[in-house]
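A.B. asks: Just so you know, the sequences run in chain order A and B.
So the number in the working numbering is just where the residue sits in the first sequence, counting from 1, plus 12.
So the number in the working numbering is just where the residue sits in the second sequence, counting from 1, plus 661.
What the hints contain is simulated information worked out from the structure, not anything from laboratory work.
The reader is advised that the hints may include incorrect statements.
Each pair of labels, with its calculated beta carbon distance range [claimed, not checked]:
#: 1; chain 1: B; residue 1: E873; chain 2: A; residue 2: S28; range: 41 to 47 Å
#: 2; chain 1: B; residue 1: S810; chain 2: A; residue 2: R102; range: 58 to 64 Å
#: 3; chain 1: A; residue 1: S28; chain 2: B; residue 2: P892; range: 55 to 61 Å
#: 4; chain 1: A; residue 1: S28; chain 2: B; residue 2: S663; range: 56 to 62 Å
#: 5; chain 1: A; residue 1: G157; chain 2: B; residue 2: P682; range: 37 to 43 Å
#: 6; chain 1: A; residue 1: R102; chain 2: B; residue 2: T685; range: 44 to 50 Å
#: 7; chain 1: A; residue 1: G157; chain 2: B; residue 2: P843; range: 24 to 30 Å
We put the CB at the ideal spot given by N, CA and C, even for glycine.
Here are the chains, one letter per residue:
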Amino acid sequence: MDRTDNILIQESLSGSMGAFDDLMERYQGLVYKVALSYGGRREHALDITQNVFLSVYEKLDSLRADASFKPWLLRITYHESINWLRKQRRHQDHEPVDENAPLLGRTHTQEEVLLWQEKAECLTRSLSCLNPKHRLAVTLKYYEGMSIREISGVLECSEMMVKNILYRSLEKLRQRLVQTGRVFQ
Amino acid sequence: MSICSEFEHLLEKMMADEIAPAETEQLRDHARKCDHCGSLLKLQEDLSAAGQMETELPSEDLQGVRYAVLRSIHLRSLPSTISTGRAGRTRVGLARLIWAAGLAAAVFVGGFFLGNFWSTSHGDPGSALIRQVYNDARKEKSLREVENSPLMYSNVSFSRVDDQKLSLSFDVARHVDLTAGPEDPLVRDLLIQALLNPSPLGARLKAISFAETNRDPEVKRALILSMLNDPSVAVRLKTESNLLNYKNDSEVQAAFLQVLRKEESVQLRLVALDYLVGNNVSQETLRAVVRDLRSQGETAVLRKAVAYLH
Ligand SMILES: [Zn+2]
């Protein structure tokens, strides 16, 4: 049977690098996908992912024994992504997200899949118009399939607030898509 | 409440999967009549569908990220010594993966690294090892005999418990000579420890040679850690050439990608590049590598990598 997060954390704290590797492997996809929603490109998302796991290792012993790992990890991912965005701005080499660029790592096969994929990718790209917190809520809800309750645990706010954030994000996205002439039929 | 703000309320319920069928009807009905709300509903549905699409994960790169994290943790913990309290809790195990040059004395050849234990009043004096430690210490011994004892102590610390007792903490190693078959699990453990624990250069090189015939996955991982972390270029080169035998192995591929990105030695990087090209690395990964190399101002490796691009 799979070892629980808690067991892996305890083993990591007593120095097992294998356990920490297992923990990273378990969550690398989640962290990477959330990071991709901020970094926009594979290389950036990988950089953020690396910072997240280093930060997790440093802070691991501050995680309360009764707290669950996933929301805590997602908060770290969020903060590391924000840090990354800030650094990008400071270094003035921020590459604006190209809303027409294909997302890396997708394999295109049939034509109709391709058409829909282009549309979906364009939608995903347009999430960059949302503020970081709203972007996280939308990513967790639609891309990670998390419940409103789980998201409220990550954002540390009420469920009502999460719903409100999601609604306002839809409004903002709609405006954005109208502005760029990409209204979906 | 206006009709549109009621729609807002219903849409929030829909997003929370709390909406009743009758309410869904009500929501769709309004969406058909109102352009604004209609486009919001469409967007919510498109997002749901877009989110269902699988994002292909760059698993090789993520494995590389994990190695980089582990490597960075090793390097950061280098100056820290084994101590008590919080740091001890998190670092004792790590110390076993660290090369401490000062500890690499010749007496460790073939030695048996048993880890540290505490011989305090809370210790377990019944254990065979502690009994052996006490027996060895009780004999009348000259300085020379103590120095040449088969039990070797290191990482020793003393503290006073009370007027009657001292608390002792140390690692103990004992020299052992044995014969064993090549498949014996002890052989695997010794290979891994020789690669990852403090041991002299010669012992590490010899372990790498013996590891060539051993296909245990943990030995492979020890070789990877050695290639990425060993302070000696000679050792890293030897582990690298040993790892070339692992064809189309995703862990080895990820490690070679790390070498290409982080290794100081050009020689190691050129070999890593050849391996990757010979083992069906994707053009996309290769392009990412070329980008990295370019930003590092690399020349020899870059020229070779570019030649491999279609
Ligand atoms: Zn309306």
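A.B. asks: Evaluate each hint against the coordinates.
C.D. replies: Hint by hint, here is what the structure shows:
The hinted range of 41 to 47 Å is not satisfied by E873 of chain B and S28 of chain A, whose Cβ atoms lie roughly 27 Å apart. For the pair S810 of chain B and R102 of chain A, the supplied restraint of 58 to 64 Å holds, since their beta-carbon distance comes to about 59 Å. For S28 of chain A paired with P892 of chain B, a C-beta distance near 23 Å fails the hint of 55 to 61 Å. At about 59 Å, the beta-carbon gap between S28 of chain A and S663 of chain B stays in the expected band of 56 to 62 Å.
Between G157 of chain A and P682 of chain B the Cβ separation comes to about 22 Å, which falls outside the hinted range of 37 to 43 Å. Hint check: R102 of chain A to T685 of chain B, Cβ distance near 47 Å, so the stated range 44 to 50 Å holds. Distance hint check: the CB atoms of G157 of chain A and P843 of chain B are about 49 Å apart, inconsistent with the given range 24 to 30 Å.
Of the numbered hints given earlier, the model fails hints 1, 3, 5 and 7; all others are met.
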